[in-house]
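If you read the protein sequences in the order shown, they are chains D and A.
The numbering of the first sequence is my numbering, which starts it at 1 and goes up by one.
The numbering of the second sequence is my numbering, which starts it at 1 and goes up by one.
Simulated from the structure, these hints should not be mistaken for lab results.
Glycine included, C-beta positions come from ideal geometry on N, C-alpha and C.
Careful, some of the hints might be misleading.
Over the 10 Å line for every Cβ pair with chain A, so calculated as not near, a few chain D residues [as the list claims (entries may be wrong)]:
1. Pro34
2. Asp55
3. Val68
4. Glu70
5. Asn71
Listed below are the simulated DSS-like cross-link pairs for lysine-lysine, each with C-alpha atoms no more than 30 Å apart in a straight line [claimed, not checked]:
6. Lys77/D with Lys40/A
7. Lys158/A with Lys99/A
8. Lys40/A with Lys6/D
9. Lys158/A with Lys40/A
10. Lys166/A with Lys6/D
11. Lys6/D with Lys169/A
12. Lys102/A with Lys158/A
13. Lys94/D with Lys99/A
14. Lys94/D with Lys53/D
15. Lys40/A with Lys102/A
16. Lys84/D with Lys169/A
17. Lys3/D with Lys99/A
18. Lys99/A with Lys6/D
19. Lys3/D with Lys169/A
20. Lys6/D with Lys102/A
21. Lys3/D with Lys40/A
22. Lys84/D with Lys99/A
23. Lys166/A with Lys3/D
24. Lys94/D with Lys40/A
25. Lys6/D with Lys158/A
26. Lys84/D with Lys94/D
27. Lys53/D with Lys77/D
28. Lys102/A with Lys169/A
Quick look at which bits of chain D chain A covers, simulated, 3 or more residues with Cβ under 8 Å [what the hints assert, rightly or not]:
29. 74-88
30. 91-102
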Amino acid sequence: MDKLAKRSDILLILILFMLALVLILPRFFSRQEPLTASVYVDGELNQQIDLSKIDSTYEFSVNNTVIVAENNSIRFKSSDCRDKLCVNTGRLTKANSVAACLPNRVLIALSGESGEYDAITY
Amino acid sequence: MKRNSASRAALLGILTAEALALSFLEGLIPPIPGMPPGAKPGLSNIITMFTVYSVGWQEALVITVLKAIFAALTRGVTAGLMSLSGGLLSTAALILLSKFSKDRFGYLGISVICAVIHNLGQLLVSFILLGSAAVFGYIPFLILFAVVTGALTGTVLKVTMPVLIKQIKFSSFYKRG
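Isolated chain A (complex conformation) (with noise of 0.2 Å):
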């Protein structure tokens, strides 16, 4: 397969759709009393480290991009604005971490690493939007719902890796991570 715009249209959108799969998916829990609000699992980040690795990074910019469109479309601006600066801020991060330190961190770190910049991303928008520096008083919070949502989504990216490989294997984006 060459390396034209209509396999990677195709590709794309495959990897587009099942990050926004994820995303919805996640939007179905119920509110946990206890966690911060609006703290979620982060699961679209899998297909986001996924492709990063295994595909290309601009390719996981223009995903990241499409899930903040689809998150304003479907849930408000506000929304939108907390998915896109958390995700271009985490997608940034996880470019630099395979660029630059590739064997360093497993599957855990990695993905630690992107929850805890994805929710310091959120509460900076947080932070613009109401004007006050109380908001940063969720720090802690963050970090520890980070440590454990990022180990969650590690371990889903190294049990589900097989299956993503394979559905992009046979096509010139593959690339050996």
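Bound-form chain D, shown alone (with noise of 0.2 Å):
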């Protein structure tokens, strides 16, 4: 490997390229609406709340972290954990989209479709 890059090196990287690409654009033409936040904790699914009929701000608390849902938005508020990588995930807003807290094991992903029940509650 004396050399910086080979043809095989820039090949390479474009056909990782465009794969990263042709799996990222659909989400951006995916249904979107209404939006469904699903919660797990230790994989097990805790709570799923429809973003769209939230009208004001709705705080929990699960296993060690504090989960705000906004109307179509969720984010992780705090979190007793180290790293606070949850946190800094900042504000969930589209589908297929998740932040996870992984010391916790909590996990937040979205969904584009509306869940069976507006909210489930353990």
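Take the two lone chains, each set in its own frame, and fit them into one complex as the hints suggest.
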């Protein structure tokens, strides 16, 4: 590997770049609403929230994290974990986007179709 | 210099210290909005690549494991697991590349492949910890990010190679990559 870039390097980078684009682009055209947020703890569905039906803010805490749901958006407000990656992920507003707190095993995933229920709380 | 245990320990110490210093430095970079959470340039991969190609694969594995222990001690168990999974998989890929297709790729290709595999290894850990396949939705963004960071680390390795070679040139560990 004495050269910085060979022909195969350029080809590899182009292929990976195109692959990523092909996978990312459809998301911009996918049906976005009504947005449903699913909150999982340890891989189990904890609650499902129809974000289009929220008028003000709905704040709740799950497994040492605080989550804030607003109209068509949801985010981690705080967490007791060390790295705060979940809080730094910011607001989720698009279908198929996810935010997670690994130390607390909490995952928020957004989907573009309405869930079966308006809200499930345990 | 003989390939004895003292010189081996000294060389490993230097390389590990360099890898840890780079990990620490990139930890100081604030989170970039729009980037995958926790995404980092992977600068310490420069040392791993250099070690596999110019010193030996066993040494590279030792550095990878020490790096994961350092991450676990300074940033917690989750960070340690992420570092171990991504590190071991990408180092394994490096070793296979250096053994079986030495001349197919240049610095850029090798570091991009490592970055992609490193990210996939970390995604695997988050899948196991979270128990949800939703995390795989990140794959396209991780590939895109890996292409950028891989190109960056590959370029830095190419530029710093003469300096890195200098520190081991007179030891018996040096093999012409």
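The hints, checked one at a time:
no. : hint                   : verdict
1   : Pro34                  : 18 Å, holds
2   : Asp55                  : 27 Å, holds
3   : Val68                  : 17 Å, holds
4   : Glu70                  : 18 Å, holds
5   : Asn71                  : 21 Å, holds
6   : Lys77/D with Lys40/A   : 23 Å, holds
7   : Lys158/A with Lys99/A  : 20 Å, holds
8   : Lys40/A with Lys6/D    : 25 Å, holds
9   : Lys158/A with Lys40/A  : 20 Å, holds
10  : Lys166/A with Lys6/D   : 25 Å, holds
11  : Lys6/D with Lys169/A   : 26 Å, holds
12  : Lys102/A with Lys158/A : 16 Å, holds
13  : Lys94/D with Lys99/A   : 44 Å, violated
14  : Lys94/D with Lys53/D   : 16 Å, holds
15  : Lys40/A with Lys102/A  : 27 Å, holds
16  : Lys84/D with Lys169/A  : 43 Å, violated
17  : Lys3/D with Lys99/A    : 17 Å, holds
18  : Lys99/A with Lys6/D    : 18 Å, holds
19  : Lys3/D with Lys169/A   : 20 Å, holds
20  : Lys6/D with Lys102/A   : 12 Å, holds
21  : Lys3/D with Lys40/A    : 25 Å, holds
22  : Lys84/D with Lys99/A   : 40 Å, violated
23  : Lys166/A with Lys3/D   : 19 Å, holds
24  : Lys94/D with Lys40/A   : 23 Å, holds
25  : Lys6/D with Lys158/A   : 13 Å, holds
26  : Lys84/D with Lys94/D   : 21 Å, holds
27  : Lys53/D with Lys77/D   : 20 Å, holds
28  : Lys102/A with Lys169/A : 21 Å, holds
29  : 74-88                  : holds (count 6)
30  : 91-102                 : holds (count 6)
Of the numbered hints stated above, those contradicted by the structure are hints 13, 16 and 22, listed in ascending order.
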